[in-house]
Every structure is written in structure tokens, then in C-alpha cells.
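**Q** Here's the letter readout for the chains.
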Amino acid sequence: MLEVRGLGKVFHPGTAAERVALRGIDLAVAPGDFAVVIGDNGAGKSTLLNAVAGDFAVETGAVLIDGRDVTGLPAHRRARWVARVFQDPALGAAGAMSIEENLAVAARRGCRRRFRAALGREGRARDRTLLARFGLGLEERLRTRVDLLSGGQRQALALAMAVVRRPDVLLLDEHTAALDPRTAGLVMDATVAVVGDAGLTTLMVTHNMQHAIRFGNRLLMMRQGRIALDVSGPAKAALTVEGLIERFHLADDKLLLQA
Amino acid sequence: MEALGAFVHLVPVTLLQSLIYAFAALGIMIPFRVLAFPDLTSEGSFPLGACVCAAVLAAGAHPIVATAAAVAAGFAAGCATALVHQHARVNTLLCGILVLTALYSINIRVMGQPNIPLFGFANVFELALGAGKDDTWRRIALLGALAACACLALWWLLRTEIGTAMRAVGASLAMARAQGVDVGLYTLWGLGIGNAFAALGGSLLAQNQGFADVNLGFGVLINGLAAVILGEAIVGAQTVARLLAAPVVGAIVYYQVVSMALAFGLQPSDLKLVTAVFVLVMLLLPAVRGRSLPVRMRE
Ligand SMILES: Nc1ncnc2c1ncn2[C@@H]1O[C@H](COP(=O)(O)OP(=O)(O)OP(=O)(O)O)[C@@H](O)[C@H]1O
Ligand SMILES: [Mg+2]
Chain A
1 MLEVRGLGKV FHPGTAAERV ALRGIDLAVA PGDFAVVIGD NGAGKSTLLN
51 AVAGDFAVET GAVLIDGRDV TGLPAHRRAR WVARVFQDPA LGAAGAMSIE
101 ENLAVAARRG CRRRFRAALG REGRARDRTL LARFGLGLEE RLRTRVDLLS
151 GGQRQALALA MAVVRRPDVL LLDEHTAALD PRTAGLVMDA TVAVVGDAGL
201 TTLMVTHNMQ HAIRFGNRLL MMRQGRIALD VSGPAKAALT VEGLIERFHL
251 ADDKLLLQA
Chain B
1 MEALGAFVHL VPVTLLQSLI YAFAALGIMI PFRVLAFPDL TSEGSFPLGA
51 CVCAAVLAAG AHPIVATAAA VAAGFAAGCA TALVHQHARV NTLLCGILVL
101 TALYSINIRV MGQPNIPLFG FANVFELALG AGKDDTWRRI ALLGALAACA
151 CLALWWLLRT EIGTAMRAVG ASLAMARAQG VDVGLYTLWG LGIGNAFAAL
201 GGSLLAQNQG FADVNLGFGV LINGLAAVIL GEAIVGAQTV ARLLAAPVVG
251 AIVYYQVVSM ALAFGLQPSD LKLVTAVFVL VMLLLPAVRG RSLPVRMRE
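For the record, the sequence lines run as chains A and B. The first sequence begins at 1 in the numbering used here and counts up by one. The second sequence begins at 1 in the numbering used here and counts up by one.
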């Protein structure tokens, strides 16, 4: 359960470069909800996700996870509950380390790290089962250095790292945007599979209208730092790309192009 | 021919010296390679180790106590650099320069004078080798065993959950943070451990040569970096084992090469220039070949 109350964020306050990114966001995401977040460039989608993850202090409001106020905690302490996949495939996993080493680091997210061998038979078995679900053959390449992987493989690994230890909240910020359409499709399918199976509470940002229509049980549209539209359940299921664009006058070129 | 003879004659002494500097090279490798934090503190923590060790020995303490005190002081120096970086948000290189400059004064304070002769005091060589303490080859065997133990300990450490998280900090800050690794804390420990090794090298040098001087080990950072780079060219850096072998192998080869160059007439005063050019060339070579620089910086 993720709750955001009156969240406000201003970048560079009091300077000429001042930018209001979030204007009082109120949002409750129920356990197991898969909410897709859309909106034009600069609407505040990434800022919302980053605020939940704890990348920076917010001016107003609070973030609660399972009723716990985490507003004052830095990102690495929130990682106990929050897992994320970035847009940039270079950020999610460490290139100089192997697939299994990356997964070993992720497997202890939020736990006390010990003076105990990071790699072992158990971990390897867990990694194989997890990676096999992505259908990219990564389970056979546990010792491969991550910088030898393609962008799509890296995103699949980042997703595996996010879910290897069950997160209370999963944040996906355009995690397929840097991939070619086919690989993006594969990673999206894997996302839906792992999120659905585990019933993870998820916020996913996308510019892909079809993905926004097809996936998730809730749709949030942001505009100028506010949530302009919030549909879920049957209403969300009934949405069409055309209907969405028509109803809400999405004038953003990027959205139209991708739709 | 005469020059070659002179070089061969010096091989054991040079080997002994290089094994001492191997600890400094290990201590330089940890922040540079494991943490991607170009830490210059070792230029100050190496003489710090020598000075603390000498002061404690001169006060009549046991050599193990003196060496341990040196290691602890080095650890603290590394922590100081990490704390300056975190709290003052100062550039990594500048943090190291600040701390190593301060250490120069501290080193003199610690000793109460710019140098301390240690003849007549017990040292680790006497402790371990007894009557054979002045035999160069025995000292080499002792330091070789110590270096092997240090590498084994680090090898074990870097493969634990904690060590893997530390490597993650150097490999990707974004990934480390997202996976709940406290980057500040791991950087503190990493710099502490690295400078503890540098200080250990300094304390061994003081005990080996029988005196400590505040200027001892001048240029140790660039020499150590040269050793790390040379070692990586020889054994590679793809695995944890190679990463750890590189500084030791590199130090051994580097000091023999230097000894040979000196035997063949290189002016000792030109040595720093030659080393600096060597490090620069080795740093730039991969860039010329279109690969990334071997000294990575944090974003
Ligand atoms: N680090 C920052 N410094 C200054 N301003 C920022 C920063 N990050 C975001 N902003 C500003 O905050 C606003 C919201 O940006 P945000 O990145 O959240 O948009 P977004 O909805 O994710 O857009 P996009 O679809 O382009 O990714 C924008 O006006 C942006 O310029
Ligand atoms: Mg964004």
C-alpha cells in the first residue's frame, strides 16, 4: 500500500530557474494495484516516482508505505520497501559486475549484509528460475559481465533485480522506452508476468499509449504537476487509445506519434 | 656489463622494498578500483603509518602494538577523507589533498620532531625472525607471506555480501543506492581500509630501514598507481583475484624496472618525472585505442 499526501516539489526554489514539478499530489495505491502513469513531457511523472523513492527532499507532503511515514528517509533506506527500474539501461545494473553478482546485491536489499559469501548454489538456483521467465537466455549466462549485455537484456536483469526480493512498491519509469519495439514488448510481457504473479503494488510511467491501455488496472494522467485523470477497474478496461486522446485532448506530439 | 652487475646485486634489496610498497599499492587499488574514488590520501597516510609506528616504538611499546597503531591511524585518515567528501561535498581529489596536507603537520606532531631513528628498538622483523632478522631473504619471505595473507583476506572480504555491495558502490552508484546500499558508509569503510594498508606499508618501511622521517615515501601515490596499472597490464583486472594480484605483481616489477634504470644511469632525481610520464602514458593509452580511461571517476 502506497500513500502520497499533498506532495509538493519545487526545483531550485527562489532562483530564476525555479520549477514547480509537483503541486500537491494525493494518491493511494492499493496493494496489488498496477497503476500506469501517463502525461506529457515535464508533467512531473518522474519527479513523483523519484519522490516516492526518496531521491530528494520534498517541500510539502508525505509518503507512506504500508502506513509507515518514510518521508524523511534517504533513498537507500527506502529501498527496503521500494524497488525501481530506471529508463536508462546503464543505471539499473553494475556493468563491471556479473549477472549473479548484481542479483546477489539486489537479493539483500533492505536486509543486513553479512560477512558471508555473496554467491552460492542456492542463489544461483534462485537466479536461474527467475531469469528463465524472461525468455532471453540470461539464466545460462550468470557469470557474464553485465556490460556485455544488450539494453533489453540489461532491463530484464534490472527487473529481475527489482523483484528478486519482493518489494512493497515497484516503480518503473519508462523502463522500456530505450528499447527497440520487439525487445520492449518482451520486457513488457515479463513485467506483466512478474507483477501479476506476485501481485506487486506498481507505478509504471509510459509514453506508449497502447501499453497504457493494455496493461494495469488503473490509469493516472498527470499534467503540470497534478493528477488530471484517475480511472480504474471497468472504466480503465473500457478505455481505447482514440477515446483517451479524444476525451482528454492529449495534444502531446510524442503521445500521438506513439499511439 | 658493470651496470647489469650492479642491478643484479640489488635484486634482493629491491624485492624487499617492493614488497613493502606492495601494501601501499594494495591500499591505493582499493579506493581507485573497488570504489571508483580516486583517493590521494595515501600520500599522507603512508608516512603517517611510519611516524605513528616510530613514535609508539620509541615510547617503548611492543612492535605489534606500534604496527597496529599505525594501521588504525591510516584507517582514521581514510575516514577523514571520506567524511570531508560527504559532508563538505568537496571533489574527491581535493578531499585527499586537504587531508594529506594536514597530515604533514600531524606527522611531525606525532613524532615531536621531523624524524626518529629506531636503531636499538625492537621491530616486527626481530620479533618474527629472531637472530635471522638482518637476512634480506628472510625478510622477503616474511613480507611475501604477509602480502599473501593480506590478499587472501581481501579476496575473502570482497566476495562476501558486504564486499560485493562495496564493489557495487564503485561499479554503479545508482544501482547501489537503488539496492539499499549506504554509499556513504561503504565509502568510509573502503577508504579506511585502503589507507590502513598504506599506513601498514609505511610502518613496515620505517621498521625495515630503522628510522622514520616525515618526508618518507614522497611520491608513493604515483609510484603505487604506476604499480597498479603495470600489474593490471600483466595479470589483468577482470576478477577479484586478479584485481588483488595486480598491485603486488605490479609493485615487484615496477621497482625492479626502476632499479635497472638507475643502474643504467638514470638520474635518481629524474625518476619522479619518468614515473609521472609513465603513468600518464598508461592512462592515455586506452583512450588512444578508443577505450575508457582506466581511472574511473564517480558521476
Ligand atoms: N533535477 C531537476 N532540476 C530542475 N528541474 C527539474 C529536475 N527534474 C525535473 N525538473 C523539472 O520538473 C518538471 C517535471 O519533470 P519530470 O522529469 O518529472 O517530468 P516527466 O513527466 O517525467 O517528463 P518526461 O515525460 O519528459 O520524462 C519539469 O518542468 C522539469 O524541468
Ligand atoms: Mg520522466
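To be clear, the hints were calculated from the coordinates, so they are not data collected in a lab. A virtual CB, placed ideally from N, CA and C, is assigned to each residue, including glycine. Some clues are possibly wrong.
[As the list claims (entries may be wrong)] Now the in silico label distances, taken between C-beta atoms and shown as ranges:
1) A:D197 - B:W156: 54 to 60 Å
2) A:A17 - B:D270: 36 to 42 Å
3) A:T129 - B:V274: 31 to 37 Å
4) B:A72 - A:A90: 37 to 43 Å
[Unchecked claim] Per the computed footprint, the stretches of chain A lying under chain B, defined by three or more beta-carbons under 8 Å from a beta-carbon of chain B, are:
5) 72-80
6) 92-102
7) 115-122
**Q** Does each hint fit the structure? Answer for all of them.
**A** For each hint, the structure was consulted:
1. A:D197 - B:W156: 54 to 60 Å: violated (37 Å)
2. A:A17 - B:D270: 36 to 42 Å: violated (51 Å)
3. A:T129 - B:V274: 31 to 37 Å: violated (55 Å)
4. B:A72 - A:A90: 37 to 43 Å: The hint (37 to 43 Å, Cβ to Cβ) holds, given that A72 (chain B) and A90 (chain A) are roughly 39 Å apart.
5. 72-80: holds (count 5)
6. 92-102: n = 8 at 8 Å, threshold three: holds.
7. 115-122: Coverage by chain B holds here, the residue count being 5 at a Cβ distance below 8 Å.
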